[in-house]
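Listed below are the residues making up each chain.
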Amino acid sequence: MQYWDPRIEEMPEEDLRKVQYKLLKSLVCRLYSFSPFYHDRMKELNVHPDNIRELSDIKKLPFMFKRDLRDSYPNRIFTAAQDELVRYHVSSGTTGKPTVVGYTQKDLEIWTSSLARGLTAIGLGRGDVIQVSYGYGLFTGGLGMHYGAERIGATVLPTSVGNTERQIELMQDLGVTAIACTPSYLLHMGEIAEKMGVHIKKDTCLKAGILGAEPWTESMRARIENWLGIKAFDIYGTSELSGPMFTECAEQNGFHIWSDIAYVEVIDPKTGEQLEPGEKGELTITMLQKEALPMIRYRIGDISSVEEDICPCGRTSPRIKRIQGRVDDMLIIRGINVFPSQVEYTLMSIPEVGQHFQIIVERSGALDDMLVRVELTKESFSDKITDLMHIRQNVEHRLRNALNVAINVELVEPGSLPRFEGKSKKVIDKRVL
Amino acid sequence: MDTKKYVIKQISIFSENRPGRLASVAHALGEEKINILAFSIAEANGFGVIRALVDQPEKAYNKLSSLGFNVAFTDVIAVQMKDQPGGLFEIAKVLGDSGINIEYSYAYSGKKAAVLILRVDLIEDAIEKILSSGATLLEYSVFH
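First to last, the sequence lines map onto chains F and D.
End of the first sequence = 433 in our numbering, gap-free, step of one.
End of the second sequence = 1144 in our numbering, gap-free, step of one.
Just so you know, nobody snuck in bad clues.
Here are the in silico distance ranges between beta carbons for each label pair: (1) F:N394 / D:G1068: 22 to 30 Å; (2) D:G1068 / F:Q393: 22 to 30 Å; (3) D:E1103 / F:R431: 40 to 48 Å; (4) D:E1103 / F:K270: 54 to 62 Å; (5) D:D1121 / F:W227: 50 to 58 Å; (6) D:N1062 / F:E165: 52 to 60 Å.
Keeping only pairs whose Cα atoms sit at most 25 Å apart, straight-line, the calculated DSS-like set for lysine-lysine is: (7) F:K378 / D:K1009; (8) D:K1005 / F:K384; (9) D:K1093 / D:K1005; (10) F:K60 / F:K280; (11) D:K1063 / D:K1033; (12) D:K1082 / D:K1112; (13) D:K1129 / D:K1004; (14) D:K1005 / D:K1129; (15) D:K1059 / F:K384; (16) F:K378 / D:K1063; (17) F:K378 / D:K1059; (18) D:K1059 / D:K1004; (19) F:K384 / D:K1004; (20) D:K1112 / D:K1129; (21) F:K97 / F:K425; (22) D:K1093 / F:K384; (23) F:K43 / F:K22; (24) F:K384 / D:K1063; (25) F:K22 / F:K59; (26) D:K1009 / F:K384; (27) D:K1009 / D:K1063; (28) D:K1111 / D:K1082; (29) D:K1129 / F:K384.
No lab work stands behind these hints: they were computed from the structure.
Being a predicted model, the structure only gives us computed values, none of them experimental.
Even glycine gets a Cβ: it sits at the ideal position worked out from N, Cα and C.
Between the sequences and the hints, there should be enough to build the whole structure, so can you do that?
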């Protein structure tokens, strides 16, 4: 059994809790003194750093939500000066404004070592060739995996997304042993490979997939493993935590949440009360060491449960189970987070279409297809087909820019879309994972 | 020259491309005793435009609008063609030589003659050129 950092990975739980308490206490003291945002939040709840006397006192602290990041766009919530930052990443927000995350050198270091532990735990290391087919750029996936894979001494092939045929050629020619991408992209790759006459199972050296950034299931895992002849590992993270961050180990039974990096709670989304281990609720994570953008009791919106029993792999940190859904209406389309409110916000600025819309998500082949149906307004109806095509293309273009994902648009007759009170009914998700 | 009498009001209806849409348009017009003299459907990805010449365009517009349809009037002209080989060529050549662009067109072959409905970019010019070439344009009173 290989460990990247055996001291912390095998540390007895009792000692881990002491480490966590010390980190939490110093984090809270620092934020109370230096972060106006967090200071005010604590004051509102009448909590002082002195009230944090043991780890379980974390439940006295206020929650943080995605809207806190959005409302402080771009960086008013940061607790590091710009000259201490070494990188930004940007993700799409729930409305027009994106959310910006910043990293100090130490933040990158922690992110990278979290992945180094995880990649080691699934059996990768020096001698492996890891193809990173997550997007490089503002999205955290590509660069995050890149640094983690380099850290363990593996050879990185930074293919990013797209140009699938070339990716398959390189996979063969350079003896790629592991790939990091979304599970649906790997399925797509398998299909394209077969069209090229390449069978990943027998014609490549691929043995592992580090798959995440979108929900998937055990049945997809079985399909990928049997078809492609690899082990498929789930990976979890969000840009607010840093990026892709926590992987499964060789047991393939939940993500290890490294206790010195994060403290995980599962919360009843309605009452805000902590739930017992094993109970399903909203994942709430406190990042114990982040400098530029500390996250305390951050309500991620993903539904899962915590497993506290020690993993057979010997690692002592708790695991969270496969993500089972969302507490809000967020959709994940080809690995990109999409909120129906972003669609609404974008449509509001296009006079040719009404404000009502319907989103239909389907999986064609292995990839997600998102269709947005919008009503053409009476005023903008033109007898010329080219004018109508132009309106449709404009809406597609605007949505694509706002959401960072390709979208098809269908123009429909005014008044024909169902009118709903609740947002979530505007989405018809036909995907079967 | 009075070109106005040759300008015909066509109704254009936006329609989703799904079963039953044409039937609802036709049913509504039938109910109002509106006669369809000529019509065509232009199809694009996922939607279409139904274009029709009817005997009572205002009534058709009001009825279809009240049912929630997106309706618009479009000016077109109707050329009487010789119902014989080369008939279309004569008209198309006149317009082409004059630099007038046909945006779309459809035709019907009636008892007396073949009729070509044209939507062009320069409608006044088109009327003058067609008349001076000796061809016959139908007046709107023929339809409405």
